[in-house]
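Asker: Just need the whole structure built from these sequences, with the hints factored in.
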Amino acid sequence: MDANPSKSGRGRSTSGRVRGVILSPQGWQRFQTAKQQTEADETWGKHLTQEDLSDRTSLSLNTLARIFKRELGVDRQSVEYLFRAFGLELTKTDLTSPASSEETENRWTNPQQDWDTAVDASVFYGREVELTQLWQWVIAERCRVVGLLGIGGIGKSTIAVKAALQMQAEFEIVVWRSLANAPPLEELLSSLLKFLMPLYGEDPIIPTTLAQQVSKLMQYLRSRRCLLILDNAETILQREPVGHWRSGYEGYGQLLRDIGEASHQSCLLLTSREKPREMVLMEEDESVVRTTGRRACASLTLSGLTPDDGRAIFRQKGAFTGSEAEWQTLIHHYGGNPLALKLLAAAIQDLFNGRITEVLPYLSQGLAVFEDIRDLLNRQFDRLSEAEQKTLSWFAIYREPVSIADIRESVVDLATQQRVPNLVNSLLRRSLIEKKDGFFFLQPVVMEYITERFVQQICVEFETQQLNVWQTHPLLRVQAKDYIREIQTRLIMQPVMEQLLSRFGSVAAIEAQAKHLLRQQGKKPGYAAGNLINLLVQLQVDLRGSDFSDLVVQQADLRQIDLARVNFQNANLAQSIFSETLSNAMSIDLSPDGQTIAVGASNGNLYLWNISTAQLLAIFEGHTGWVWSVAFSPDGTMLASGSTDSSVRLWNIQSGRCLQVLTEHTSCVWSVSFSADGQQLASSSADQTVRVWNLQGQCLQVLKGHVQSVYAAHFAPDQQTLVSSSHDTTIRIWDVSNGNCLSVLQGHICGVQCVRYSPDGQLLASGSRDGSIRLWSGYLASDQASTLNFKVLQGHTDWVWDIAFSPDGRLLASASRDGTLRLWSVQDGQSIYVLDSHTHDVHGLAISADGQLLVSAGKDHTVRLWHLQSGRNLKTLRGYTGGLHSLSLSADDQMLASSGQNEAIQLWRLQLDSNLPQLHPYKTFSSPTRQISSLSNVSFSPDGQMLAINRHDDSIAVWHIQAERFDQWLAHSASIWTVLFSPGGKILASSSYDCTVRLWDVQTHHCLQVLRGHESGILAIAFDPSGQWLASGSFDDTIRLWDVPTGACLRVLQEHTGAIFALAFDPSGQRLVSGSHDQTIRLWDLQTGACLKILQGHTGVVWTLAISPDGRILASGSDDQTIRLWDLQTGHCLQTLCEHTSWVTSVLFSSNGQILISGSYDRTIKLWDVETGRCISTLTIDRLYEGMNIQGATGLTIAQKSTLKTLGAIEH
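Under our numbering, think of the first position of the sequence shown as 569, with each following residue one higher.
Any given hint could be a false lead.
Listed next, the in silico SDA-like pairs over lysine to any residue satisfying Cα-Cα at most 20 Å (straight line) [stated by the list, open to error]:
| id | residue 1 | residue 2 |
| --- | --- | --- |
| 1 | Lys1272 | Ser1311 |
| 2 | Lys730 | Arg923 |
| 3 | Lys637 | Gln597 |
| 4 | Lys730 | Leu640 |
| 5 | Lys1773 | Arg1446 |
| 6 | Lys1491 | Ala1472 |
| 7 | Lys958 | Lys1003 |
| 8 | Lys1769 | Val1046 |
| 9 | Lys1083 | Asn1036 |
| 10 | Lys1092 | Ala983 |
| 11 | Lys1769 | Gln833 |
| 12 | Lys958 | Asn990 |
| 13 | Lys1769 | Asn1178 |
| 14 | Lys1661 | Asp1695 |
| 15 | Lys1661 | Thr1698 |
| 16 | Lys958 | Val1023 |
| 17 | Lys730 | Arg951 |
| 18 | Lys603 | Glu657 |
| 19 | Lys1083 | Thr1164 |
| 20 | Lys1091 | Leu982 |
| 21 | Lys1003 | Glu968 |
| 22 | Lys1769 | Gln1047 |
| 23 | Lys614 | Gln594 |
| 24 | Lys910 | Trp895 |
These aren't lab readings, by the way, just hints derived from the structure by calculation.
Bear in mind that the values here come from a model prediction, so they are computed numbers and not experimental data.
Answerer: Written out as structure tokens, the structure is:
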């Protein structure tokens, strides 16, 4: 999950000046009691009229009307006159301040309030006694936990909103959260903290553990007066025993206890159909309250509306006729339940033309006895036609407001498609659905009811093999927003699986039934085949080799699923989604119309996706290096790209043809940017220049002045100037017409990775490799010393890769190597929220022209779409390459472990003693959550009994091979890069993006040492043969040598000019070899710290190193696709091994030094004869879709077919 970050948005204050006072609920109740007593004593129970009250109080009718309406303020003296007329003394608690009209209408934009999905309470009837009681508990008695209880439809949510609006002036912060979709406690706390932390001036980095999250929330509840409302708690409570939490939700009970028992000044208002048992235990008797004046917990069970208030609901539905006695009978019979009366009013209008009299005979015969809202809903549902029932199910599937057009598009049957508007209108008339702003939705109690009916129907049809709803409705909408799909999985798919397991007894039995039903489907149109396949996927059934030929497979989520040798011949695969071939996503941009995403990748390709369907539209091939920048032209017809191959390319979006290749740069092109009119293009390069081009490929200007790599260049909105940023720590502003440098901005202490003009051109934003962002103003003034201003935005803990302004210039988004995105308020420089779903570097981002979407591209092979204002993750496009990242060889040469991007670890039996050494598959296992990182490392323990694996969720897993058991623990505060056993096997070392190395006791998982000193993420670690020293290499371009027993840093080696990716000690332990992003290998004397040799020859990053057991030969692997063998004594390159076709990521020597084993992103493991350099054996790892037959398959774009083939699919 997904997660729901702060909605504060730093909006303008909405509270205007409010004059006068109004009666508080307590004051209103006191007046009503006194008035009724007077009427009983003086007028024999006859109500006093407005004129009577005016005569009695000397107040005008207009003033009385304002007082009684309790919306517009009046002067305090008028209220005093009213109270004295009835013998009352006015007290402070009888009055409150009226909410301004702006405050009431625009509560959604108040930065101190987050109403999330709270219902509209503008139409509200009665409940004065209940509102008074809530005011007494929450305001007068400072109650910490208040429960609003009652059956479904009784109005709990509405009165909670009304009470909160009345009390909002008494609180500094108001937060509403719905539990209707059963969010896990961690998800709820994350959502609350993301809203609260910026309000408290804190960086919105969510604590990692549940205990820390609860502690932080309690800290906030103590320091400021907060009103927290949690709605629909019954969704996370069990039905039996009453008041107990569902499995996995027990933490809510502890949260209730913490809030109820701790001392603080805030209040939790909880709505639920049942009372949680923690509330029962905390409720005290009245004597305790009278003694202390404070109440820890109280609960109010709502009864129905009065007959007068119930009739008001009917009046909203039209004209009705009936006597006073008939109204009393009708409303009493339905318990005054607001939702029941609303549904009933619609039915009486439809069936009896509003005549109450005709309904009563049915009541007397017991045909409409109301015991529970579910009983009424059953009767309502049973009266619907099958088409209406099926239409209701769509709302349970969509889980959010939906348009008629959306439903029509999803309906399979053409005749039913035409009827959708009439069906929706019919449901609206029956009050079963609600409408707002052209979208339709269900009330929570109806949503829950329809979902349960849907799940039950699905299970019955599966058991009886009569697939009707299976055919007409998808259980999952795979193109839905990510958080909606998670809810669909949690509330539809998981209950279906649980019920089926209960009925069938085992996964194997369900699998057999599902496969039998699949064989019956043939070419039937609809969702049945896709639903059945999704069910098998969710049950983690092995689908390899399955025959799905000729099926209509719609809405199947087949990402990251091993479909080797599956037969989809002649299948219709429309609306199903597969994995992509996206490697590291290096850059991203959005088309001006917001419909297409362009992504530049580390494999040199550009990918274009349709946003709404998540369908891959095209792949542009041509670059031979990483694509560091992509940019759409302003008219959306062209795409520009810049690459490490030193070229800039211009592409035609429609045809995919490369229009121009600009080759005048002599080194990596870091950025490309179009001018506002689309007639010019700027590019920046590691050759220290910025070039300005026209669209015909002519270089118009070469801007020189920077003395190191120029990372970014961006045109001003007026096109008169251009800004650039460089590794030399400066920002330069250039005159586009003549190439003159107009200004040099200094202040950053590290390289400036990105720079942007604000939309109005008045501000510059720059992001640095030190993690800071600066906002500059006055940067072109003649007297810079007096007018140049900047604001520093702090929060990122590593390089800022990219930044972008929102179209209105109010917000700034940033992407960082710390794996997060941040949204900042430009006005005050505060971080509004932090998005941490990426698991590695976030290289690029872009914001849509309408300011609604944020897109990001990461090193974790994902592209993510976010809602800019809320920070919700809407969609994730997940790539897959299947390449190998890490190898580890057991000490006895018997087993080899490999890890890669297939979410699995493979163990191989190794035979090195035969004439032809070979690898044989032994075991394959996935991580417990099927989420092993694409950059996972593996390390055998010296005894070969355990295998350590780093996880992308900041934790370490250790697999006990014989017992097939996992140990797992949280190890770092950021992604882990490497894990390594010490030579003695008692210590496990891990290195992380959090800039630390940690040493762990293998048996107890206790952290023995935290090695701090590096200023950036740590990529490489190595133990010396004795296990007394550990070396670490970092993105900060340094190597550190540590004493393992004490954790002391013994030496810092710093001659590399790029990140260190590989380290290896020689057998003596006196020398160390390092491989770097700077394409060199260095040999170090550890006694003196001197660099003894520099080995050059690789033309790419040196990823991996290994030294032969006799210390004579060094093997190195690089992203130049080669392995080099070096004489470590002389530094000469002995051999270059060239059979890999992609990055070489791992090399290992056998214990006798005669065999070299290598792993590559080309999915192969190769065994080499070290003496001859001959490749003895090659083993190729199956791709995700190896041998998957898509011959004749329809519903795929050309680009999608190309992707599937790259992942192993075949068309024959």
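Asker: If a hint holds in the structure, say so; if it doesn't, say that too.
Answerer: So, going through the hints one by one against the coordinates:
1. Lys1272 x Ser1311: holds, 13 Å
2. Lys730 x Arg923: Violated, at roughly 32 Å.
3. Lys637 x Gln597: The given pair, whose Cα atoms are some 14 Å apart, holds under the 20 Å limit.
4. Lys730 x Leu640: holds, 16 Å
5. Lys1773 x Arg1446: Since the Cα atoms of Lys1773 and Arg1446 sit roughly 17 Å apart, the hinted pair holds (cutoff 20 Å).
6. Lys1491 x Ala1472: holds, 10 Å
7. Lys958 x Lys1003: Within the cut-off at roughly 18 Å; holds.
8. Lys1769 x Val1046: holds, 19 Å
9. Lys1083 x Asn1036: holds, 17 Å
10. Lys1092 x Ala983: holds, 16 Å
11. Lys1769 x Gln833: Given that 20 Å is the threshold and the Cα spacing comes to 60 Å, the pair is violated.
12. Lys958 x Asn990: With a Cα-Cα distance of about 13 Å, the restraint between Lys958 and Asn990 holds, given a limit of 20 Å.
13. Lys1769 x Asn1178: The hint holds at about 16 Å.
14. Lys1661 x Asp1695: With Cα atoms ~11 Å apart, Lys1661 and Asp1695 stay inside 20 Å; holds.
15. Lys1661 x Thr1698: Cα-Cα ~9 Å, so holds.
16. Lys958 x Val1023: At roughly 13 Å apart (the allowed maximum being 20 Å), Val1023 and Lys958 satisfy the hint.
17. Lys730 x Arg951: Answer violated: Lys730 to Arg951 is near 34 Å, above 20 Å.
18. Lys603 x Glu657: holds, 14 Å
19. Lys1083 x Thr1164: Violated. Lys1083 to Thr1164 sits at ~37 Å, over the 20 Å cutoff.
20. Lys1091 x Leu982: Answer holds: Lys1091 to Leu982 is near 17 Å, not above 20 Å.
21. Lys1003 x Glu968: holds, 12 Å
22. Lys1769 x Gln1047: Distance ~19 Å between Lys1769 and Gln1047 Cα, so the pair holds.
23. Lys614 x Gln594: Measuring from Cα to Cα gives roughly 24 Å; hence the hint is violated.
24. Lys910 x Trp895: Distance ~14 Å between Lys910 and Trp895 Cα, so the pair holds.
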